[in-house]
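Enquirer: Protein sequences, first through last, are from chains H and G. Position one of the first sequence corresponds to residue 1 (full-length UniProt numbering), numbered consecutively onward. Position one of the second sequence corresponds to residue 1 (full-length UniProt numbering), numbered consecutively onward.
Hints are computed from structural coordinates only; laboratory data are not their basis. Keep in mind that the hints are not guaranteed to be accurate.
Said to hold, decoys possible - What the simulated footprint calls covered on chain H by chain G, stretch by stretch (three residues with Cβ under 8 angstroms from a Cβ of chain G suffice, anywhere in the stretch; the number is not a length):
1) 33 to 41
2) 69 to 80
3) 97 to 108
Stated by the list, open to error - Here are the simulated lysine-lysine pairs, DSSO-like style, with alpha carbons at most 27 angstroms apart:
4) G/659 x H/118
5) G/659 x H/138
6) G/659 x H/155
7) H/214 x H/155
8) G/372 x G/94
9) H/118 x G/376
10) G/372 x H/118
Virtual Cβ for every residue (Gly too), placed ideally from N, Cα, C.
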Amino acid sequence: AMAGGLEPDLAALRQELSGPAAVSVLIALIAVAVTFLIWRFVQSRRSSRKAVLLLGLCDAGKTLLFARLLSGRYRDTQTSITDSSATYRVSQDKSTSVTLIDLPGHESLRLQFLERFKAAARAIVFVVDSVAFQREVKDVAEFLYQVLVDGTILKNAPALLIACNKQDVTMAKSAKLIQQQLEKELNTLRVTRSAAPTSLDSSGGPAQLGKKGKDFDFSQLPMKVEFVECSARGSKGEEGDADLEGLEKWLVKVA
Amino acid sequence: MLDFFTIFSKGGLVLWCFQGVRGPAATAPVNALIRSVLLQERGGNNSFTHEALTLKYKLDNQFELVFVVGFQKILTLTYVDKLIDDVHKEFRDKYRNEFQQKGALGLLNGTFDFKDDFMRLLRDAEESSRVRAPTVMKTFEQSLKSQKTVKCMIETRGEKPKEKVKNKKNKGSKKEGTEAAAAPSKASGGDKQPSAAGDKEELTKDEILQKNREEFFRRHMKAGEKSRSPKPDAQKEKGKKPRVWDLGNSNAKVLDYSNSATNGSAEACPVEEFDPDMALGDKNREPGRLYDLEYESEDEAEEEKVVQNTSKPSAKKGGLGGMFGMLKGLVGSKSLTREDMDPVLEKMKDHLIAKNVAAEIAVQLCESVAKKLEGKVMGTFTTVTSTVKQALQEALVQILQPQRRVDVLRDVMDAQRHRRPYVVTFCGVNGVGKSTNLAKISFWLIENGFSVLIAACDTFRAGAVEQLRTHTRRLNALHPPESHGGRTMVQLYEKGYGKDAAGIAMEAISYGRCGAGGAAVPPAVPPPHPSRPFPVPPARNQGFDVVLVDTAGRMQDNAPLMTALAKLIAVNAPDLVLFVGEALVGNEAVDQLVKFNKALADHSMAQTPRLIDGIVLTKFDTIDDKVGAAISMTYITSKPIVFVGTGQTYCDLRSLNAKAVVAALMKA
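Just chain H, with the same shape it has in the complex (with noise of 0.2 angstroms):
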């Protein structure tokens, strides 16, 4: 009884299927199917990194530089406790921008904010201040390491900027000699590195860092790095411009 009961709804099921109408419902579920996966595809696309990341130790000068791009004008600042954002119009003929973040550089805090917005990253500005560095040289490198050591970062390999701020006080490093002893050092992290532990989220041991055989190098990392000098403050005083063209350009490159 029951194979009765089927057999003429396959039947009618059939003659519908033979039909014209079936051609049309063919089609229209393809279009959906394609129209969702563009959809997704740009969707990926567009959400994903749009950021660019202003990374540093405390006191580096983030926010200024930050305040800076944005606005042209200096202003006095504190010890960033959460992250800014806003949008960056990248140049006046182009309507590509970018969203700056500014993220806290405390030891606390700089890590849950780069586990926060590391996914979003187009491009990372890693802000050095190059009167303190040798000083501080073991801190930069220990949080660079970790910045590009990071399983995200690695798979993405957003481009590198290391900028070397505070250029307006005599006393700072030039960016060859910050380029330099950060590549001795981080030469050395990675061995100390490997054989202190691993966290949780590398799954097996941290990533190696360039090439095992050889010193490391910046060229050997999967993504460009550039090094660059600016000046937040600016030599003239507060009331003066900034010196952040190499900044500015690169910013076009990457946007």
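Mind docking chain G on chain H? Use the hints.
Expert: This is chain G only, laid out in the frame that chain H set:
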């Protein structure tokens, strides 16, 4: 009167600043405030002292602003709190548009011209504190003295007036008691009343007499009983027999199972068959690598979903008005108030205390989180519980990552470059695992290719030197000199018992430095002695990379021992001072750390005293998820936890994983 008043956003931009009479820049003190108070979750108390200034602050969590006022410490200005509140309200109302609509760009581009309003508010506040009617003296009629009777104030010879006042109350009630007939009942009645009226009051002459009479009667009666009781006891004694156990016939000699040969003499102690598997435990491990603590990272989302589910049905209950209000609370922009947060915070505080966080720290932490969340606008579909839990979780992660991570290997390499040994000192109370973890750390260092000198500065505890000697022997068996190019990787420097620990440490450090050539006076080679078959070899090209100094355990209250420890650390200036604490400790952790730090600070002659640099958390395998001790210790010292000990074999050394620990803490 005020030194400065700043208003800045949490993102770091200073919106408005007022520099008072004495004008040093406000930046440094405010930065110190941010780093010590806000970032270390000590935000419960809203004032902070920095050098000569007192800073008071207020957070606006809705628009992410901070208001800070600074004034000289020696002044006590009473109007400051009111001033901050008024300024907060007015500033917020005046610039509400900038904050709400334009976000960060609004803060950057807006001009905050607040000076006039501020001066006005300041003037009002100063005036309100000044104007207060001088207190009028009370007249005689209003005072209490006029209500006492004259009689009670008359002193009679030999008795105090105070009791007279109290006895006035008693006399009324006593009169009924004294009318009772028999002596015992009188005694008991009189007994009751003085005890009811108060234990400490003195009795009048009559009452004293009566009391003595009662005592006499009582004793007399007791004496009668006593004379009766010894008799049955004596009878019992005759019948008393010694109890016989099954093995009770044997005496002490038979019960002594210790090997007579080895008891007490070191030479006869046989070199045991060293089993590397037993010592090492884990076979499949990478040598030299320090693994991380393993925790199953629980799915936090489950908990939160459960919480939300329970809150949504409650929204459906209730009348129309109530439902509307609750829906609005769920969906709309509801700002958190103290009353909303209090029950949740209470629960979280109890939860933390149940997880072995010290009580005062749990309280301070919850206070700080409340301050951070007050007035914050919740997003859609977030409940109070989830917001508070999220904030608490962030605060806990923040506490566990206080400072630059102590990277021992990196620092040892630095010291190697300067041709001097890296000195680590272990201190702590008794029985926390200093020697065991010292052995584990030396194993880890040897695996990474550094040679270790162990200084046995525990000259008090019986067997301390032998314990370290056994460890040294085992480590040398695991890493014989042949496999490291003929270099002895680990050696023990000891001078027996009873000597001065600081002196031994100094000698050990100079012995460790000897390889660089041109050390100070080489340590005197002690003559061979029958009780010391392990003579200290003459110092010759014996440079060591790391010197680990083991000290005796001492209680934090023991002043002379704390002085001795402080002297050891001040004189020898070690590179790293590690406090070893066990994870089982509860509220004691706070006391231990505070007193240790205090002792180190008090007895140091230097400007910046050497305090505890890091913490080693031991016996972590004995607690399941009651990991609160980690929070207590890092909160008190704000120094990181460098190592975690999870067992007694050499491989049980891990490093702290902040996220895993916080996950275990927040787990229900």
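Enquirer: Now look at each hint and say whether the structure bears it out.
Expert: These are the hints, each one checked on the structure:
Three residues within the 8 angstroms Cβ limit are the bar, and the region 33 to 41 of chain H against chain G gives 0, so the coverage statement is violated. Counting residues of the region 69 to 80 of chain H whose CB lies closer than 8 angstroms to any CB of chain G gives 9, which reaches the minimum of 3, so the coverage claim holds. Residue count for the region 97 to 108 of chain H with a Cβ under 8 angstroms from a Cβ of chain G: 5. That meets the three needed, and the coverage hint holds. With a CA separation close to 17 angstroms, the supplied pair residue 659 of chain G and residue 118 of chain H stays within the 27 angstroms bound.
Distance check on the hinted pair: residue 659 of chain G and residue 138 of chain H sit about 24 angstroms apart at the alpha-carbon level, within 27 angstroms; holds. As the CA atoms of residue 659 of chain G and residue 155 of chain H are separated by approximately 22 angstroms, the hinted pair is consistent with the 27 angstroms bound. Between residue 214 of chain H and residue 155 of chain H, the direct Cα distance comes to roughly 22 angstroms. Compliance with the 27 angstroms bound is thereby established for this hinted pair. Under the criterion of a C-alpha separation no larger than 27 angstroms, the hint pairing residue 372 of chain G with residue 94 of chain G is consistent with the structure, at around 23 angstroms.
At roughly 25 angstroms between alpha-carbon atoms, residue 118 of chain H and residue 376 of chain G fall within 27 angstroms of each other, so this suggested pair holds. Between the alpha carbons of residue 372 of chain G and residue 118 of chain H the distance comes to roughly 25 angstroms, so the proposed pair stays at or under 27 angstroms and holds.
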